[in-house]
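> Chain by chain, the residues run as shown.
Protein chains: 2
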Amino acid sequence: MMITRVRSAVSSIIGGIMASGSSAQEIHPNPPPRFPYSRPDFLALSPDEVECSADHISRPILILKEMKLPWATGYAEVINAGKSTLNEDQACCEVVELRKRPADPSSPSYTPTRRRSSLPSADVLESIDSTEVKELNFHHWALFDGHGGSGAAVFAAKFLHLHIEEQLQEVLEILQNPTLQPPTCLGEENPVHHLHPSAGCSQRGLSRAASLRGAAGAPGSPNTMAPRFFMEKKIKQESLVVGAIENAFKEMDAHIARERMVYSISGGCTALVVVYLLGKLYVANAGDSRALIIRGGEILPMSSSFTPDSERQRLQFLAHLQPSLLGNDFTHLEFPRRVTKKEVGKRMLYRDFSMNGWAYKTVQEEDLKFPLIFGEGKKARVLATIGITRGLGNHDLKVHDSDIAIKPFLSCSPEVKIYNLSQYEHSADDVMILATDGLWDVLSNQEVAEAVSGFLGNCDPDDQHRYTMAAQDLVMKARGVLRDRGWRIAGDRLGSGDDISVFIIPLMHGNSQQPQPS
Amino acid sequence: MMITRVRSAVSSIIGGIMASGSSAQEIHPNPPPRFPYSRPDFLALSPDEVECSADHISRPILILKEMKLPWATGYAEVINAGKSTLNEDQACCEVVELRKRPADPSSPSYTPTRRRSSLPSADVLESIDSTEVKELNFHHWALFDGHGGSGAAVFAAKFLHLHIEEQLQEVLEILQNPTLQPPTCLGEENPVHHLHPSAGCSQRGLSRAASLRGAAGAPGSPNTMAPRFFMEKKIKQESLVVGAIENAFKEMDAHIARERMVYSISGGCTALVVVYLLGKLYVANAGDSRALIIRGGEILPMSSSFTPDSERQRLQFLAHLQPSLLGNDFTHLEFPRRVTKKEVGKRMLYRDFSMNGWAYKTVQEEDLKFPLIFGEGKKARVLATIGITRGLGNHDLKVHDSDIAIKPFLSCSPEVKIYNLSQYEHSADDVMILATDGLWDVLSNQEVAEAVSGFLGNCDPDDQHRYTMAAQDLVMKARGVLRDRGWRIAGDRLGSGDDISVFIIPLMHGNSQQPQPS
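Heads up: the protein sequence lines correspond to chains A and B, in order. Per full-length UniProt numbering, the very first residue in the first sequence carries number 1; after that it's consecutive. Per full-length UniProt numbering, the very first residue in the second sequence carries number 1; after that it's consecutive.
Only chain A is shown next, with the shape it has when bound in the complex (with noise of 0.2 angstroms):
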C-alpha cells in the first residue's frame, strides 16, 4: 500500500498551542495572550520602536531597514491618524517549503483524524517515481486590513501561509508533475482497478464505461439522454492551486473561530493574498485591499473589491431565502434613504435582491425596517455595522444591542486570479502593487501607477531599495503632511486618515526563479 500520511505544519503549531505534548482535546484553561499586538516580523522592530510607530500625531512612516525580502520586494506602512489605537494593518511576506513528511504516529502532534493526502495509485501516476519527488516551494506576500481589533489580523498573518501549506501538501505530487492533468480520483490500491483499468478512478478520460455505469442511476435521465453523461470535465494543475487557497482561506476562518474559544481574537480583517508557485502568481483577495500589476506602463488590476455594494445582491438573496437571519429589524430591500413612518402608503424607489435598476413601490410598514444594506461607496454597511462583506474573523460580531449576527453576511471565500508571470518578460520597472484601503481611498490606480513609475524610473536600477522608496513614496502621497489640523495631500485634497500598508513586488525577480527550486 503506497499511502503518505502528512504532518502538516499547521497541525504541529496547533498541537504546540493547545496542548503542548499531551493530547490536543485538552483545551488550555486560562492562557496567556499568544500573540500580543505587533507589526509585521520583517520590520524586526523593537518594543519601544513599535510603540513610537503608534504615534498618530507625527504618523512616523515605516520602511524595511536591514532586512532584505525575496524578490527584493519592497514595504511601508504608516499608522491611521486617531481612528484606533493601533495600526489594525499586518503583514506577512514568507517562502514556504512544501516538502513531503514522513508520518510519526508516535510524535505527540499525529492526529489521526486529521485529513491525510492519498497518493494516486501506481499504475495511474506511474511517471511519477516516489524516490525521486523534489521539493516546492512558494512565496507568499499577505496584506491583512483588521477592524474592531487587531487580534484576527495579527492572527491570520502568523497562519494563513501556514494553512496555504498544508492545503497545497495534499497536491503536492500532483503539482510535481506539472503535465500530468490532475487525476479525478484518488485511491488507495485497489485489485479489482489493476484487473479493470477503466471500472475503478480513471483519469485521462479513460473511463467513459465507468461513467456511464454511474450515470445509469442518474435521476431523471432517460436513455436517450444518456450520451451526455459519458463526459468527464478536465481539471487544469491551477485549478487545485486556486481551490487549495480557497480552502486554506476557510481553514484559516474556522482556526480563528476554534482558537477564539480559549483566546481573546478581537475583530476581523480583510485578507489580499499572493502565492508564486511554479511560474504563476496567484492573486487572492477577500475584502477591499487592492492589488495591481504595472507592466511596460500598462495598469492590469488584479482584483475587485468585496463590499457591501458590489455583494449588495449576494447579501439580499441570502436574507430573501432566510428571512430570520435578519431578526425584526432589518428588510432585505434597498431604499435610496430610510423611509419614514409618514411616507407609508406613498410610493418610493427600491431595489431588490435581482433588480441593478430601481421602481417605485407602496411602502408598508414592513418597509420602515432599517435595511441590509445602507449607505453608498465607502459609507455602505451591512446591517447598519460593517463595510466589507468578506474576509476572515468576526465570528463573535453582532448588530449593536442586538443578537442579530454578522457572520452569515459575510464569506471568507476570496476570489483568485492567475498572472503567469513565467509568459512575459519584466523590466526592472514592472511590479505588483498590493496595498490597504488607506492607499485607494485617496489614490487612483492612475495615480498609483504614475507616481511608482516616476519614482522608479529615477531610481539606480541596480538599487535593492528602490522598491522600498517607491513604497515609502506612494505611502507618503497618500497619508499627506499634517497642515491646518489636518492631513492634505497634493491638490490640497484630505490625505488619508486610515492606516495604510504598501507592497511592491518586482517582476523581474520572478522571472529568475527556477520553476522548482530546491
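Derived from the structure by calculation, the hints contain no laboratory data. A portion of the hints provided could be inaccurate.
What the hints assert, rightly or not - Restricting the straight-line Cα-Cα distance to at most 27 angstroms, the calculated cross-link-like pairs of lysine-lysine (DSSO-like) are:
1) B/398 with A/398
2) A/379 with B/236
3) A/378 with B/234
4) B/342 with A/417
5) B/250 with B/417
6) A/236 with B/342
7) A/234 with B/378
8) B/233 with A/361
9) A/379 with B/233
10) B/234 with A/361
11) B/83 with B/398
12) A/378 with B/233
13) B/236 with A/361
14) B/378 with A/417
15) A/233 with B/361
16) B/361 with A/250
17) A/233 with B/236
18) B/361 with A/407
19) B/234 with A/342
20) B/250 with A/234
21) B/341 with A/234
22) B/379 with A/234
23) B/361 with A/236
24) A/236 with B/378
25) A/236 with B/341
26) B/234 with A/341
As the list claims (entries may be wrong) - To give an idea of the interface, some chain A residues facing chain B are shown, with a C-beta separation under 8 angstroms as derived from the structure:
27) 177
28) 181
29) 185
30) 239
31) 243
32) 322
33) 323
34) 337
35) 344
36) 348
37) 463
38) 483
39) 487
Just so it is clear, CB atoms sit at the ideal spot from N, CA and C, and this is done for glycine as well.
Following the hints, complete the assembly by docking chain B onto the known chain A.
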C-alpha cells in the same frame, strides 16, 4: 388631489382574456387556445407558408419581405433539423407608444386593486406642467428561444413589450423630464409637505433633516455613526428604465404562471430584448441568446449568457441554503464526473458553491447522489434537465419521474446593459446583431462580425433590404448546406441543427430619431 390612474395596455388585454367584460376574478372554464403556433407577425405568413417553413429536410430560410421594420431592421430565421416539430424560436419587433391614459372606473377592465402610478406632487415636480406632457414611444426588438414546447415563447412574444410598456407608464412623467433626478418618494399632496418642504418626500438631497429623523430609529446605530445616515442615494433616470424592464420580466413570468391555470402554455423560453428609449439602447438578456454591436469593425458584446456553467455558484448557493429543493436525489457539490459506489472512501475532485478551483474530498455515500450541475459547456444541465438558467415559463417543469421542481433554480431576471446610442456617430455598416444560440453555437463573435461587415460592405448603402440580406447570409452560414445526410458549413464543420433567428439593427437609424418623438 393630483392622481392619475393609468389603465395599462396589459390589464386591458388580461381583462379581455380572463373576463370578456365580466369580473376579472371569474375564470373561463374551458377556453379555446388563444395563441396557436405561428411565426412572427411581421413576417405576415399565410397558414400554408407557416406549414412550409416547418420543413426539417429543406430548412427554408425565411426573411422579411414586403413589410418594413423600424430602422430598416433586417431579419431572417430557419427551423431546426428535427429536434422539435415546430420552430421554437419567436421574435417580436414593435414601436410602442407610452401615453398617459385617463382612468375610467366604469370601464370593464378597470381594476382598482392593480398597481397605479402616483404622480409626484405639484411642488416636487414644479418644472413639469402636466398640460404640456408629451407622449413618448419606445422601440422594442425581442428574440425568444423556446424549449419543451412553443407555448411560452409565443406567449412572451405577444406580451413582453406590453409589460414593459406598463412598467414604463409608471415612471412616464419622470422620464419625460430627462433633466429631473427621479424623486425618491412619490405621494399624494400632503399639507405637512407644503408647510415643511424638507420633512416629507424629498428629492435632490434636500431632505437631510428628514433622513436624519428617519435614521434616528435605526437599530444598531450609536450616535457616533449617525453621519452616514444623512445621505440619500442619487438615482439616475436610466436606472428607472432598467428597473422597469427587470420588473416587466417578472410580471411576464407571473402572467404566464397565471394564464397557465386556464390555457396550456407549454415549455419555457429565453428572452433577449432591446429597448430603444430617449437616445439609449437597453439590452436585456435572460438565457443564452446573444447581442453584440459592430461599430467601425470593432465588436462590443452587449449580453452575457446565463447557463449552468456561468450560474453554477448561484445555483449551488441556493441548494446549499435550501437543500430540500434537491429532494433526496441530488447533491449541490460538483464533481468532474459521476461518482461510483466503489469510490466511496477514496478522494475525488469537487467544488462547492464558494469555489472556483478544485480540491479533493473523501467520497461519502451522500456524494453518490446526482450533481445539481452536471456536464460541461452546451451539455451542462441543471438537475439533469435543463441547459439554461434564466428565462420565462417552465413553471411546471420537473425532474423526470420525480417531484423535484426546476423553477426555483431558474431566474426570470434579465441582465440589462446600456448603450448610449446618441453619444456616437454611426455609419451604415454599424449594427447590433441579436441571435439565438443556434447561430452562436457554430459561429464565433469574430466570424459573425466579419461575415456581416463583409456582406454590408458589398451592398448598396441605400438598399433598405441590405440588413435582411445580411441576416439571411448569417443564417445561411450557420445552417450550411445539406451534404452526406448532414448540414455542413465552411471549413467542413457541422452546421447548426438548432432553430436560428437573427435581427440586424442598423444603428445609424437611431441617430436620426428624435429623442422624444411625438
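> What are the numbers of the hints that this structure violates, sorted from low to high?
1, 4, 17, 20, 27, 28, 33, 35, 37, 38, 39
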